[in-house]
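Start from chain A and add chain B according to the hints.
Protein sequences appear in the order of chains A and B. Taking our numbering, the leading residue of the first sequence gets 1, the next gets one more, and so forth. Taking our numbering, the leading residue of the second sequence gets 1, the next gets one more, and so forth.
Derived by calculation from the structure, the hints in this document are not laboratory data. Because the structure is a prediction, the values reported are computed rather than measured. Glycine is no exception: its CB is placed at the ideal position from the N, C-alpha and C atoms.
Here chain B is said to cover these stretches of chain A; the calculated rule only asks that three of the stretch's residues, wherever they fall, bring their Cβ under 8 Å from a Cβ of chain B:
(1) 46 to 59
(2) 105 to 113
Pairwise CB distance ranges (calculated):
(3) B:Leu56 / A:Glu102: 15 to 23 Å
(4) B:Met83 / A:Gln80: 37 to 45 Å
(5) B:Gln2 / A:Arg15: 31 to 39 Å
(6) B:Ser70 / A:Arg64: 38 to 46 Å
The calculated lysine-lysine pairs, modelled on DSS-like cross-linking and capped at a C-alpha distance of 30 Å, are:
(7) A:Lys71 / A:Lys27
(8) B:Lys49 / A:Lys51
(9) B:Lys58 / A:Lys27
(10) A:Lys44 / B:Lys49
(11) B:Lys69 / B:Lys58
(12) B:Lys49 / B:Lys69
(13) A:Lys51 / A:Lys27
(14) A:Lys44 / A:Lys62
(15) A:Lys62 / A:Lys51
(16) A:Lys44 / A:Lys27
(17) A:Lys51 / A:Lys71
(18) B:Lys69 / A:Lys44
(19) A:Lys71 / A:Lys44
(20) B:Lys112 / B:Lys58
(21) B:Lys58 / A:Lys44
(22) B:Lys49 / A:Lys27
(23) A:Lys44 / B:Lys68
(24) B:Lys112 / B:Lys49
(25) B:Lys68 / B:Lys49
(26) B:Lys68 / B:Lys58
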Amino acid sequence: NAGVMQNPRHLVRRRGQEARLRCSPMKGHSHVYWYRQLPEEGLKFMVYLQKENIIDESGMPKERFSAEFPKEGPSILRIQQVVRGDSAAYFCASSPTTDFNEQFFGPGTRLTVL
Amino acid sequence: AQSVTQLGSHVSVSEGALVLLRCNYSSSVPPYLFWYVQYPNQGLQLLLKYTTGATLVKGINGFEAEFKKSETSFHLTKPSAHMSDAAEYFCAVRETAGNKLTFGGGTRVLVKP
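Just chain A, same shape as in the assembly (with noise of 0.2 Å):
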């Protein structure tokens, strides 16, 4: 059984440019959470998402940042016109439901804004 996959692993981007973060889950988990990490801090939750709803977003940037979970497909976070300060980890998590009390992690896409 597969883990949580994340691609791409490493992500360059120029300063106003889109970044597309890719998270499939661990088969049978309809459950995606996305958390990002800065740079000498700890993880921080951005949204936690369903297949084809939004549950939570409450940790997510008002601009610019946006989050989605088809039903075919892996859960993209999409960053629209990237600044430096968006540089960071961004880890995807899965669960198969919510009574389930782990998540479990994916290996991150490391994002660089140049």
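Here is chain B on its own, set in the frame of chain A:
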């Protein structure tokens, strides 16, 4: 809002010595508690978790943690450090009614030979 405090952003221990990493949380209602480990350039791996029941929880790689409600703490220990324990450790809580994890700032462990 929930908060998690890890005392000490860096800890240095000698190989074979006790590892003690401190974690305190702010919730008035006992949440679910987790310790994760992160090796360089990798994702997070669950070490152990507390949900209900016995307050002393054993995890992987010889680690254990004790939930103390009166102290709102969930400190992580390992009796004898190994070189392979060098990593960053994160304490996290999840409110029983919610889904998101709130993480502490992390503690980087250095193991000296």
